[in-house]
Each structure stands twice: as C-alpha cells, then as structure tokens.
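S.K.: Next come the chains, spelled out residue by residue.
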Amino acid sequence: MTSVMSKSPSTYPSVEQAYAQAMRKRVLAALGAPGADAPLDEYATLLAELVTWDALGNSVADATKYKQAARAAFTLLRDAGPEGADRANEVAWWLRTSCLAVIADLPQEAKKLLEAAELSVKGEPGAQWLDFTRETVWTSWLGLVRQRSLSDVESAQGAVERLRTLQRTHEAVFLKRFEDQRAARDVALELMALYFLGTAAEKLSQYLIKGTADGGADIGAQLDMYFDRIMHALDRVLGGADLDIALLLRPAAQNLIDSSLRAATRGANSLTRKFAEVLIERDVRPLFQLLPPQRMALREQGLIASAHRSVVVNFPTSSGKTLLAQFSVLQALNDLGQERGWVAYVAPTRALVNQVTKRLRGDFESLGKRVERLSPALEFDTGELSALAPVDRDVDGPPVDVLICTPEKLDLLMRREDLCKQLGRLALVVVDEAHGIGGKSDRAIKLELLLSMINREHEGARFLLLTPFIKNAKRVAEWLDQKNSRDYSIGADWVPNDRIVGILSPPEKPPKSRGVKPDHVLFEPKVTPKHTLHIDDVLKLEGVAPELGFTYAKLHASLSNLSTAASQVLSRRGPTVLLCRTVKQTWNCAADLTQAAWPELDGAEDRATIARFASYELGASAPLANLLEHGVGVHHAGLPEELAQSIEWLFENRRLHALCATTTLAQGVNFPIANLVLSSIYPATRDGQAMSYSDFWNIAGRVGRVDQDFVGVVALASTDIDTKQKCEHFLQRSMTDLVSNLVDMVGELGSLADDHGLEKLVWKKEWSNFSQFIAHTLRQVGVERFADQVELILRGTFGYQTLREQNSPLARELLVKTRQYANKIASDMGAVALVDSTGFSFESVRSALFELGQVGNLDDMLDPKRLFSGKSNALREVMGVLLNIPEVRKELVEDGGGGSGSRIAEMLSDWVHGMSVESLADRYFKNTSDDEDNVTQCVKKFRRLSMTSAWGLSSVLAMRFGKQIEAMDPFSRQAVTNIPSMVLYGVSTPGQIALRAAGVPRNAALAMATDSDAPATPYAVRKKLKEGGGKVWTAALGQQRGADYFRVWQILESE
Amino acid sequence: MTVPFQSSSVYSGVQGHVSYTAFESTGASACEDWLRSAVAERVYDKAIDDDFAGDVEVLATDGFETAGLQEYLDEPTQAVSYWDIGESIASLYLMERQGASHLCNPRRDLRSEQGSLPGADIVGYQVLPGGAVVFLFGEVKASGEAGSPPSVMASSGSGMVVQLTRLATKVAARRQLLRYLKARSDTTGARPLWEAAMKSLGEKKYALTGVLVRDSSPEVKDVEKAARDLQARVPKGQQLPLFVLHVGIKVDNWSLHCQPR
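Heads up: the sequence lines are chains A and B, in that order. Our numbering numbers the first residue of the first sequence as 7 and each following residue consecutively. Our numbering numbers the first residue of the second sequence as 904 and each following residue consecutively.
Errors might be hidden in some of the hints.
[Said to hold, decoys possible] DEER-style ranges, computed between Cβ atoms: (1) B:V913 x A:E130: 49 to 57 Å; (2) A:R170 x B:G930: 55 to 63 Å; (3) B:A970 x A:E287: 38 to 46 Å; (4) A:D234 x B:A970: 22 to 30 Å; (5) B:Q1134 x A:D92: 28 to 36 Å; (6) A:R170 x B:P1163: 33 to 41 Å; (7) B:S1061 x A:Q23: 32 to 40 Å.
Treat the hints as calculated values from the structure; they're not laboratory data. Using N, Cα and C, we set each Cβ at its ideal position, and we do this for glycine too.
Model the full structure from these sequences, guided by the hints.
M.R.: Structure representation (structure tokens):
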C-alpha cells in the first residue's frame, strides 16, 4: 500500500505543534466553537515554510518529505492569512499558499483556497509598471492553479499578450523615473524575471489546454529553461516579493504538469486522447488535472496503457475511481480495433447504474460511443433487445459499446448466447463497488461466480474491479489472473477533504431544567481520517432553534430529536444529511426541521418544480411538497425512483438545507455532502446489526465539500453511555480482507446428512446462485467433460481458491458434492437449459414446471390484454406457482400482502393499467403499517413487487411457452415479450414501455403514449424527446404539468 | 587581515537585555590598510555571473521589447557610498570578533531603494560560545556627524532604534530576510549553518545586533539613549548587543582608501 500522505508533517516539534493547533482552530471555526481565534505561532509558520524550501532544494530529499513539509507550511500559511490587507499582499499570499498546497499534493485544497480569489488585474499599468506586471503575472499563475474553468487556464495567454503590448508604452517611462542607477537596474532585472514568469505561465496554459506549447510537448524542459533564467535574474535582485514565490512556483508548475490530463494521456491511444479533449473542453466542470491517486495509477503506475487482464483499483471514496474506469473502458474499446465488441460496467444498485450511465453517456457521446443501461429486472424487454441486438440503426440505434447494469442482469445476459453473440467480444468488465463480492448476501456469491464464469468463458475479457475498503487487493487481482494482474492501492485515509467524525450527546441537564430548551448539543470529536485534527474537548454546537421545541428532556429521551437538533445547527454551514433508522423517522425529523427559521436558499423554482412533481406522483396531500418548499427533503425506498433521484439532484445542487434519509441513500450517493448526522448506527433494515464498515464509509467518505474551504462533519448520535460506547467501538473498526461468501457457505455442508447433496441447500438464495453457476457450466462444458473439469471450474472462483489454502478437506468436500450434484442434474438437460434463461435453480425450474403443468388453462399468458384484465385466472395461478419458488417467494409474500396469488394478480393488473399510487395505496395498503403511511408502503412494496413479478413472469414465459413464443409472428411475439416490462414499469403499451425505459416518469409516460401499436425503442424515444423539447410534454400533460415533467426528465437524464 | 580595533572596549553599559560596547581603532594607518584590503574586497565583491545577454535574447524571441531593459542591465554599478563601506566594516568586525558567519554582503545583494527588502544590513549566522548556531539579523549605521547621538540612531523613519524594533517584533520582517538568506546559503556552503540555525529557530532563538560606525571620538551618548529606548521596545527575552566602532578616519575619506582592487 502506498500512502500519499503520512501522519507526521514535520520533524520540528514547534511546527508539529503549530500544525496541530492550526487544524484545531480550523475545526473549531467550522463548528462555530470557541477557541477558533487562538493566536498563530508565527515562528512555526515561518519554520514550516523554510523546511519546505529546504526539502525542495535538497536533491536527496524524497518526494514524501517535501510534500509533508509543504503540507504543514500550507496549513499554517492558510491560517496566517496575508501579511497585509492590500491587494499585492493578498495576491502574494494566495499564490504562495496555493503553490504550497499543490506541492503538497493537495490540489483540491489549492482550488478551495482560491475559490473566492479575484483574478482580474486591479492595478493600472501607468504609474506602477512593476506592480502591474507582477499582479498580471501572479494572477495568471493563480488561474493555472485554480483551474475552475477554461477561462481560468486560458487567462494567462491573453494577460501576457496584453503585457507585451503595454510594455511598449509604459516600461521605459517607468524605468526613467529612477535616479539611482542601481535601483533601476534591479527593477529591470525584476521585470525581466516577471516577463519570463509570464511567458512560462503562457506556455503552461497552452500545454494544459492543447497538450503542446509552441508546438512541442516538452513543457517540462521548456519551463525548466525559463525558471533557470528567472532564478538567474532574481538571484541578482533579491527583491523579496518575487524570489520565494518563484522558488515555489517551479515545483508547483512541475506538479501541475505531472498531474495534468495532457501528460497522463500523452502517448495514449487516439480515443483516450480525444476523451481528454472532451474533458478539457466541456462547459461544465472542465477537467485539466488528475487527483493525486488518479495520477499515481494512470501516469506513474501505467494504468493508462495497462495490458493487465485483471486490475483492482482500491481507492477510498471520492478519490476518482470512475475516471480511471472511463480510461480503461476507452482503452478496451480502442484495443478492439475493427472487431465488434463491448464493455460491461456493473454497479450494484439501480441508482448507481443510473448515475454511471448519465456520466458515461455525457462523456462518451461525442466520442461516438453508445452507452446503454439495462433495467435491473431479470428479463429483457423489447427495448433492451433492440439495443442489444439492433436491426434497424435508425430505430434501434448503433451497436452498443458500453452496457451498464446490475450484476444480476449481466449474469442473465452472459447466459444468453444469442445476445452475447450479437454484442461481439466482451473486452472489459468493470465492477463498481467490487467489495460487494465479500458481502454476506446472496448477491455476493452471485457476483463472484459471474466473474469466474466470464473469466472462464471469455478469453479476451479483461477485468477492472473498483473498490474502497479492502486489505487484500493484490490477492483479489490475482484471483482472476495469477500472472497478469495488478492492484492500485492508496491509503484508506486519503481524502480530498478535511473531515471530522465525532459523537453527539445532549447537554447536561441543569437543575430545574423542566420545560427549558437548551440552545446547544454536545459534540465530541473522535476520528479524523488524516489524523491531523486533534481535539480532546467536548464542543458545544450552539444555535439549536427553540422553534424545534426540544427541551432538555426531549433531547435526552430521543436519538431522533438529538440528531434533528444537530442537523439543524450544522445545516447553517452547509447541506446536511440526517441518516435515519426508519422511513417514519425521516418524515418526522423533516417535519421538525421545517419548524426552524431557515435563511434564504437558492433554487426556489427548482424546489417548487420537484414539489409539484411529488404531488403529481404521490397525490396532492403528500407531505413532501410542503417539506421541499422549506428546503428540507426526505429520501427512502418509499419514494418513486424518479422522485428520489430528483431529490438527490436538489441536494447535490445545494437547493436543500437538509435531507432526512434512510440508508437507501448511502447505496446510491456519489456527490459530496457537507455534514452527515447519524441518528443510529443500527438501520432498521439490518436486523439489529450495525451498518457495515463499507456502507458507513461509503457515505461518510463523501462528507466535506470539494469546491470550498470546508471541514466536513460526521456526527453519530448518542443519548446514553451504552450507545456512546457502541458508537466509539463502531468508529474503531478498520478495513479488512475481502473474503468470499463461498467460504462461509461451505461451512453448511457439514449440516448435510451423508447421503444428501447440494439439492438440500438450494432453497437458500446463495446456494441457488451456486447451483445456477454449476448448471450453466455444465451446459457449456458438456456432461462428458464436466467431471474432469469441475475442479478447474471451482478453482476459478475466489472462494474455492481461499478454501484450498485455508481448509483443504472442506474444499475437497465441496468438490465432491458439486460433482455429485452435477451428475444428478445432468439427467434433465432440458431443465438445466432453463436455469440459464430463468435465473432459477434447477430444482426451482423443475418444481415450477411441475406446478404449471397442474394448473388449468394458461393461454392468457400469451395475451397481455386478457392477462391484466383483472379477470384472468391464469395470472392468479401463475403468481400462485411463483409463490412457491424460493428465489422469489420472500419478496412476493412480503410485498404482495401475504401468500395469495389472487391478490398479487389483482395488484399487478391495477398497476399495469396505470392506477395512481394514491389509489393503489388506498386499495391495498390502507392501515397496513403503524410505522409508515399508506403511500410510502405502497411505493416501497410496488418497487420490489414489480421487479420480482416481472422476473417471475419472464421465467414462466421462458419455461412454459419458450418454443411457442419463438414460433409467433413478430407482432404477437413483441406483445408477449413485453409482459414483464408492463409489470416492471406499471404501464400497458409498447409506447409507454419505451418512454419508461427512456427515463420518463410513470404518470407522464401514461399520458404521453396512448397508441399501443406505435413501434418505439428507448433509443428512438430518447432522441425524439431530446429534439422535441417541452412541447411534446405540454401537449400531452398540459402547460404546468408538462413543463414540470419535462424539467424533471432533463434533470434525470442529463449529466 | 585582522580587524583594526582594540580588544578592550572604550566604554560599555547595560540597559536590561540591551548592552552596548564601544571600541577604538588600533590606529589610523592600520584602518587605512584595512580599508584598502579586506574592506575593499568585500565592498567591491562582484557576482560571478552578471551577463544577461542570453536571457535578453530569449526574452526578445518571446515577443517582449528588450532594448529598454538592456540599457539598464548594461549600466555600470554606481560608485560606493560611505554607508556601503560602513556596512562592510561592521560585517567584518562581527565575523571576526562576535562569531558571525556567512553574513550576506549587502553591498552586493540588498536593494535599498525599492524597499521591497526590509531594511536589514546584517543577515547571516552567529556561532554562539557554546557552539549553537543562530540566525543573526542586524542594523548598521555609519555617521560622520559631530553631534552625539548621531541622528541615524533615532530618526523616525530609518533610525537604528526603529529598524531594530521592527526586526525584533515583526516576524514578517525576519521571514523576508530568511527567504533571502536561504537562497544564499545553498550556494555558499553555509548549509550546515542553515540547518543548525533552523533548529535554534524552532526554539524561537535567533540573534539581533546593531552596529554604529563612527569617525568621531568615543562618546557614550552615541548609544546610551538608543539602548534605553530599545530596552523598552524589544521583547525582554531577546538579547540585543550594540557595538560602536570608531574608525578614526573621517567618513568622507573612507572611499579614498577603499577603492576597487
């Protein structure tokens, strides 16, 4: 593991002490606590700066040493502020301090420092030509460091050109004013040095934008020459204002070059270089520079042109893994040459799939690369089929280059030989959040076996696993290729932001506290990822609004109240997420928060749009609209997906003060947040277990604001000693090895009787996944060869590799049982084949086939209209059968309101026919839960029920009607194939399905496409919607509603 | 050549943490010899590389006008003044008698007119009797005034009291000087001294001094009041020795002896 930054910043005790003191002040200031105005140790600041020079000037000093020194100097100088209030001192301080940040490999800190800097030249060239020249040159360099926009980086070119023009008028007059010849000579020398510095800035600007300066890519050598001349001149002047800054600028410029996108992509393939241009030239958030971990991986360690088959990138949250993946994707696509092929990008949740799709689509569109997402439903609807196997380019679009989906969907796809053949060679599999392989859920083993399967069957496929939080990255990389693998890891404590994690508690009750409302809560800092914020005291978070109504007793009695109060206080310094235990708590906390008097907040119009959208989707009486108008949001699984995403957008774009969310948010969040308050470390969904290390850091790691000088705060609520100790213990956990779920699963073999095999375990989802893996491989290898190959097949899994090392008898037992199991299922290869098309185990397929054979007429399954008419016995029967299938039973029972196929059939029919959420809630979820309102229950249940039912129905169609469907005419076949999508999206026509697949919310889709016969693919629909603008929406939905839905769609679809 | 001052003082005194000591020269002829040799050598010490022709050429190719600059860069160095000579006298004395080392040559290095380098004539190191090394900062004043104290001690803008007070109380002033000294030390073999002085600075230790170079007879009033004023203004923990050097040659004649060699 390489650590970008280690703990101790300096070997001088006074510097270390001052450094700690400065960080302490920073935290106290951030929390508004007393002590933030402690005096600065000027000596230490000076010393730290000198130590940096020392380290920079000493050729034997290694990079780590000078980075540490620069970091301390940066921190102390930032704290010290400019030496004088005038513009010259201010500009010098910005440049000196930001250069130190750049040298310290803290580019984000430099940008944050300069966020508010005014970079236009204030001085006049006339009277003070030297000052004017200095300001022009320094501000040009500030733009190069800040890189907020193209104009920041470009400004050096215009400014220096202007300097050249003005020089002709002003320089001679200015120099003539000096009577003292020595002084005039010094000024002439200083001007010469500044002209050189300006030219150096100009050349760096050209290089960062175009990749060349004066036609050459040797920018390092060019700047070296200039800095030699600058030093030569300044060495003879020693005007203090310029010398030290020039000394710092030299290594800072080198760092800017080394970290530049241009340097990283120099010599890379043309696609990658073109991508770099897209990133540099885009209007929103142009990217010129890589973060230090990205630079390390891409440039210093060669990931940009890596030929390794198996790569693990083990970087902490927010360190820019997606960009690395994008480069790898392009390299893989480029390597395909003329060969038809594709890249699979796997993300664990629907939210992440959507986010990655938006990002990749936005970035790759202009490269002519098609990016498509697949729905998480375990079936392929006609829209998806049109993308996977395009026939007509105008309607279906060009062939797909990158497919983004969940692991389960990719698993299903990889078992569809026909689709894989159409897609061509699988060039690369990117696995986001790959630590999921080590989870305890059935999804973990699914992902592991999927990768093993791909590794075995797709010779040309490469793997890129993106993960934070694992200790054995090298081992994981070697799993997929022993010889040709590589891991890129940096310390888990590297974060782009300063962040402090601590424990909240209520203030001590004074005597006679009855009815008294305290104005503060207490915060005890515990963890600082950089180990730099040293605070021992318990701090007061002051400013609890009396309107919240929290007395001492109420704060002591409830974690919810305590965390609401803390969220209200912290929200004043930036958008705050309050992570709640339950859905009900999110509503309650949000309602409490609206009682406080909030300051003005930008984006009232956007909030109003989303509030109206919420009322369209959930009913006019839904409380969300009112909350949003106050700048407070809620986020949980009981919100329609599009609404949840819109709320994320509001929060991300600082249009909300606070967001009360369940851990659902943690699974999808990929934007920075200012403060995070956890009302409990035991989410209701984890059955008494604390949040996992990775879940916690996945969201806590995003705390801190990238674009502003900011200390992020993570606060865990505790109202008693026991909870506090649990929180402390929770925070002490550390990263562990990634361990395959198979290792745990195999322990269950011991519980089997001697004559029992794996078939006794496959009712469990994780074993069902294992069974499906075996069934698929059996088909691929053939019955005859399977016995010989089974060990090799198992050896391809991460779990079996670990087992062999740790417990070979158990590994042997798994091998024996697997061989026996394969022998058994080989007797019915027809059912084995259906395993691949259903995602059910062999046993489930056989059982379903048997039961389907027992029920009456299922012909309605081939006629969607009759099937969802509300009168179809077939649907009731089929749902009844599915209720006995282990893979879907739990969800159908829980979400379908018990064990009745009839009820589920009824629910699905109403859903498909477009019944509103409000009506569905009223009909099926009236008073079903004490904790959640009807609408929340309804949305939550339908989100899962639609997924599970779509999967189940798709499986039934494959099992029972596979051949019949193949023989149908295209029109009828499409109608039947759409059945699962109708259920998934809650709509009834192909046009509506296409709209839904193109990201249109359900209510809008229902209104916008009524022509059931209109042939449409998501590709064509998206194109049409993009080109049609708001008119398409208002025509179907009316003025206000249409405009609102159009805006929401834009938010959801655009990057 | 050794400095031509008596080893015992002609007068001395202490005002709290501020002390003063005055020395007479060992004779006018020794002083003249000294001005002709060691002092001249220091005053007229020239930089190794004063040729900017190549730089100017590059600047021209970069699109800047260079004719005007060239005129000034080619300008011969202006004649020395008595205060330039006084600074060299003080530096040589401090290096030989007070453990000072690697003092930067103000005549060569420092800019006085633009004021971008804060007024400090002495910037370098001092090796203390125990062997510890500290950064040394100081002020030098040369005066041919008949009256006592000379106005250079107390003038409100650039007098010694004002300047030493600034050096003693403003870290920013020392910061600027250290940036300058750092650049010098790496090229003059003073790196070990730099490292040792940094350690002392880490303990907030550095040295401060003031030197008055006189052409008149010893007179305690030259420094007495300044010492009193400085005692009130310089922080108590900071020792401040003042030295008065009586050259015995009129300031107007210093440059007659101190000529380029």
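S.K.: Determine for every hint whether it applies to the structure shown.
M.R.: Evaluated hints:
1. B:V913 x A:E130: 49 to 57 Å: holds (55 Å)
2. A:R170 x B:G930: 55 to 63 Å: Holds - the Cβ-Cβ distance for R170 (chain A) and G930 (chain B), about 60 Å, lies within 55 to 63 Å.
3. B:A970 x A:E287: 38 to 46 Å: 40 Å Cβ-Cβ, so the 38 to 46 Å window holds.
4. A:D234 x B:A970: 22 to 30 Å: holds (23 Å)
5. B:Q1134 x A:D92: 28 to 36 Å: holds (33 Å)
6. A:R170 x B:P1163: 33 to 41 Å: Check passed, 39 Å falls within 33 to 41 Å.
7. B:S1061 x A:Q23: 32 to 40 Å: Cβ of S1061 (chain B) to Cβ of Q23 (chain A): about 37 Å, so the range 32 to 40 Å holds.
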